[in-house]
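**Q** These protein sequences, in sequence, are chains A and B. In terms of the numbering used here, the first sequence opens at residue 146 and continues consecutively. In terms of the numbering used here, the second sequence opens at residue 48 and continues consecutively.
Where hints are given, some of them may not hold.
Straight-line distance between alpha carbons at most 27 Å, and here's what the computed DSSO-like set of lysine-lysine pairs gives [what the hints assert, rightly or not]: (1) 808/A / 198/B; (2) 757/A / 194/B; (3) 730/A / 743/A; (4) 54/B / 100/B; (5) 391/A / 54/B; (6) 391/A / 426/A; (7) 194/B / 808/A; (8) 808/A / 752/A; (9) 391/A / 58/B; (10) 452/A / 584/A.
I should point out that these hints are in silico values taken from the structure, not numbers from a laboratory. Fair warning: this is a prediction, and the values are worked out from it, not measured in the lab.
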Amino acid sequence: MTPFTTTPEESQTVEPAGTTRRDFLKNSGRLVVGFSAISAVPGVPFAEAVLNAAQGAGPYPDLDFRQLDSWIVIRQDNTATFYVGKTDLGQGTGTAFRQIMADELDMPYDRTSCVMGSTDVTVDQGGSGGSDALQTDGWPMRRVAAEARRVLLDMASQRFAVPAGDLVVSDAVISVRSDPSKRITYGDLIGGRKFNVTLTGNNPDATTGIAKLKDVQQFKIVGQSPQRYDIPAKVDGSLKWAVDVKLPGMVHARNVKPPFAGATLISIDESSVRGIPGIVKVVSKGNYVAVVCEREEHAIQAARQLKVNWQKPATAPFPSSENLHSFMRRATPTLSLPPTVVGDTAAALAGAARVVQADYDVPFQGHTSFGPAHATADPSNDQLTIYSNDMKSYGMRNGVAEFLKIPRDRVRVIWMEGPQGYGRTAADDAGFEAAFLAKEIGRPVRVQWMRNEETAWDTKGPAYTFTMRGGLDAQGNLTAFEYDARAADHHHLGYNEHDTVLISQLMGTRREPNRGGASMPNEMYAIPNRRMSAHVVSLPLVWETPLRTGNLRDPNGPQTTFASESFIDELAAAAKADPVEFRMKLLTGSTVEDSGFKRARSIAVVKAAAEKFGWDPRPSPRPRATGDIMTGRGIAYAWRSQTVVAQIAEVEVNRRTGKVWVKRFVCAHDCGLVVNPEGLRRAVEGGMLHALSRALYEEVQFDTEKVTSVDWITSPSLRHTDTPATIDVVIVNGDPNPNRPDLPHYGAGETVCKTTLAAVGNAIYDATGVRLRRVPFREARVLAALKSAGVPSGG
Amino acid sequence: MSNITLKVNGKAHAVDVDLSTPLLYVLRNDVGVQGPRFGCGLGQCGACTVIIKGEAVRSCTRPVSSVQGAEITTLEGLSQNGVLHPLQQAWIDEQVPQCGFCQNGQILTAKVLLDKNPNPTDAQIRQGMANTLCRCMTYYRIQAAIKRAAKVTA
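When you get a sec, could you build the whole thing from the sequences and use the hints?
**A** Spelled out as structure tokens, the structure:
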């Protein structure tokens, strides 16, 4: 089978049949030549890796994670390919895996390559999520690379008849210490053959050999910033993305979504699309409707033209977006989490010199991925191959097998790059749709959503509403802190479970909701009396709803931290204290430390951010400026898992227009051992600006029957013109424990999304004296808030 | 369906399509270039950008009938004799992309910007790029890369 059709001018190097990754794993002792082109050519690794992976007719059994060969292949030309069960969503984790593994293996970075995410050639490490690539999966990857090095040293020891301790390794060449003329490359030792080394561990993340890992001090490649290997092909147009897959006989599908949430399909008038060329089939099952055509533009036309009768639900599926938060406040929670209680807040508030109370609201915010959902499925050979950008490709494989009731080993997902996957593809509807349609039609099917479909029907970051209370004593010390959150997150989607994706719901699957979740803020403040509670509420429509919730780049952190860190700022202002000093007092008010030294590291990032910014201590707000532009600064701090950040925003607020411009961001970021500093800086910059878009613009709008924000006009996004003039990322890499032998590598990419909303809101308060307790800070909302606070709009 | 000829990156391609078909689908599915991508189909985001007659054109809303005979340049056609365009090199030097899906539109829009104004101010860059969206929000690095390329090309 030819996995791709290609035009002559972009022909691909397809390796000879019989040399695939899976053949290698199946057939002991087989020479491996199929990957030699991958490593040495910067910029074109993925296309070829994918092509290699795409060969083979199945079945596709799970890889054995207890075999070293499942993780690493070393070829005769002394290059290595690492097989990683994660997906790189554009933050450069593939490059980072190559760095840490090359370092443990003692092989030059340039001689390595990395294959990620395809379910038939990589171990199931869960795909991506939770910024855990390096934090969790960095460890097994280091251990298998170290084990490969150990095994190679053993082999050289036998060959040269000297103890392994008398050998030295440099750049994938082993030599005898006392006689450097005796030397051999890794490639000559094992190239093209299997290690046949069994590993141990109860699960892929626990996989280990017996080799000892290197100490941080021994690393040569970790801590450097090699350029990302995927970028050249992304800027010269040569990368084959998941949207680019073309298969022989492939047809194009488009969905026809219900015009109202909760609508029931009554009938389809197929005569309405008669005359459109190349119609293959109008497919419907339950409330799922799609059209399949030979050509893409005709599928789009047919989907628009198809007349479908829908019946509206008897009752409104949800309140309008204007009434969402009042609905959430009135609703009976479907779940209340056990509260976190320290001391007695009721008594402390009763005895406080000053009590501050405030409500905060965060609307639903969509992923609104730059590229709508898409996938191509191939039913050839009685197998199912799905070409997809799914961040959790392994979950999709399992989900599709269950959804279509076909054996798991007949399904594989070939992971390819795609647009902006900050959680959206954890509920990867298009892959399931393509799989279903391919089985229905018996031909390869490419599905792509349209813009209005994606923006209306993608998974949403849950809306929140918060009630906060705090008490200050006469000296301005914080004596009580109450946090009560409600999340509209009744049925949160997360790992491509077959009975949660939209097509499954539309076909009538009614899984018991998974209870959703609601979150508490993450900080290390020492507050003598604290009560934090959180509840889940449900909207009336649970199924087939465009307001279904899923993971959106730290699923709850931006919301919870907006409320908690804005309110801490309110308390600082009430105490007439400088916002940095107020936080430092709370952080230093205890000496209790956790195993990750988060308290000490929190203090370090707050200090580092303030120092880099040139923070001048004074209470907020500043005396209000008299011109059109009012400027201010605000800080917020949070941790996520083991990563801690402090972020400062400097804003300009235009009193005439309500326009907010963040002129400068400073972020002090501590994620432990930094594998690639330049890559980290860019991931942090992107995270801040993504969250800035959520702070300034993003809000799902809906009436009582449908989402009405459906494109880039009605669902605005941050633009070039909003970019800060200066962004400073301070990498704080200080493990305060001198006795710890290793500095762990923690996650990045999401933590800074937590702090941005509050940092910007606090800066607006500093500039204007007006507290905005609801995002986004769109111009009209800011202007209305300034007006109602009596801030003159200028003369 | 009609037979027409499109000139893409210096080569002529005969295609048989409805004349009202947006150029994007013909480029991707008939001509076989993949630099321009579907983002919105509404001309709002820039993912589908190509260059025609010195202008950055949103191919998702441009009927193919309107571009017959015109020279169409896509991202694949930007390098010359295997040498990357200075903007592409600047994109690598600045390590601009996160996911990279929008960068076709960013690079081609920047190309037209610099062709018209070789030494743009920061404000002109921001304004000139304002309607080309990036949802990984790599704007800060894009703007740095444009400035870097301007130093080479100006």
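**Q** Broken hints, numbered, in rising order?
**A** The structure conflicts with no hint, since it agrees with every one listed earlier.
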